[in-house]
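If you want the building blocks of each chain, they are given just below.
Protein chains: 2
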Amino acid sequence: MQELKQKILTDGRVKNEHVLAVDSFLNHQLDIPLFDKMGEYFFNRFKDRGITKILTIESSGIAVACFTARYFNVPVVFARKTQSLTLSAMDDKYCTEVYSFTKQTQYSVFVSQRYLNQDDVILLIDDFLANGQALMGMADLVSQAGAKLAGAGIVIEKAFQEGGGKVREAGIEVCSLARIQAMKEGRITFID
Amino acid sequence: MQELKQKILTDGRVKNEHVLAVDSFLNHQLDIPLFDKMGEYFFNRFKDRGITKILTIESSGIAVACFTARYFNVPVVFARKTQSLTLSAMDDKYCTEVYSFTKQTQYSVFVSQRYLNQDDVILLIDDFLANGQALMGMADLVSQAGAKLAGAGIVIEKAFQEGGGKVREAGIEVCSLARIQAMKEGRITFID
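From first to last, the protein sequence lines are chains R and E. Letter by letter, the first sequence follows residues 1 to 192 of our numbering. Letter by letter, the second sequence follows residues 1 to 192 of our numbering.
These aren't lab readings, by the way, just hints derived from the structure by calculation. Hints are all accurate, no fakes.
Result set (DSSO-like, lysine-lysine): computed pairs, CA atoms no more than 30 Å apart in a straight line:
id	chain 1	residue 1	chain 2	residue 2
1	R	K166	R	K7
2	R	K93	E	K81
3	E	K93	R	K81
4	E	K5	R	K81
5	E	K7	R	K93
6	E	K93	R	K15
7	E	K103	E	K5
8	E	K47	E	K7
9	R	K47	E	K37
10	E	K81	R	K37
11	R	K148	E	K7
12	R	K81	E	K81
13	R	K81	E	K103
14	R	K103	E	K81
15	E	K166	E	K184
16	E	K148	R	K7
17	R	K37	E	K37
18	E	K7	E	K166
19	E	K93	R	K184
20	E	K166	E	K15
21	E	K81	E	K103
22	E	K81	E	K47
In this text the structure is predicted, and so the values were computed from the model without any measurement.
With the hints as constraints, model all of the structure from the sequences given.
The structure is reproduced here in structure tokens:
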């Protein structure tokens, strides 16, 4: 997606060869018209798949998931990381473990069994694909529910990490809006 | 907002006199058309205030903030709870402490100084107003930035808790879409 790549080049800040800060438009301050276009892009890519729900993980995936869901006219379900009083009494959950590269911690995420079931056709959405842990965790939740996985929409794929290869080998169709080949000496290059 | 109140009555689950589960449409599975209408409602209420940004706290406020920001055509900034590698090197932050009633924990939230400044006119958005801690924390961030606080849009106010009174006494104009008076014996009553 050309507009996103341009935005990454102008507003992204390369911290080192592995870390890209996009907090000015993607995961701290949010550029709403850009999010709307990203949602439309994912819709055009997956609109013929009979998607019934968009699944993401809190927090940074929620906004992209919402703007995508608006085009599909389906609900968003976001996997939650932590218990709260209102959810602790929740009857049954699907749970899985995810390792966060940027936070360097392992955490559990869960989805209530009420909101994922075998009639669902799921599109996964997330802001980053790096080591693939979040996507594989969400795919596991979909599998536990007996739902069908239609594919995954990713805003930025760090193609120099192993996640993209891993999830595609697992049979997941991935649509990444920007695939970063490398960030060497502060310069970002994309895979077309 | 009549449609929201109706949704609370039909789909909300009263856990006890203090705890209302609205995870089927508000904070786990998200009813996107309803979110869109909530955003439009907040826009109509605050559209004449020169709002430049919507501020919320991750995670449950993000979706409402996004749909509100879409009407205002301004960015969302969401205060973050935890550090990540991409943000740790962030030059300067405004920080404040928030106590979560539903999670019974104290946590820090921060906003990069890049994304809040003295020229901003801020609308706060959150899903719940209960003890008022999250709103007061966000108001503190706005104050630290020297920005102007236009008001706060809340989806569900638990009017039987002290938060609503506290934030209004602090001079914050609050627009709550549904104000719950009580949840006794599983029955929800609203303040009109």
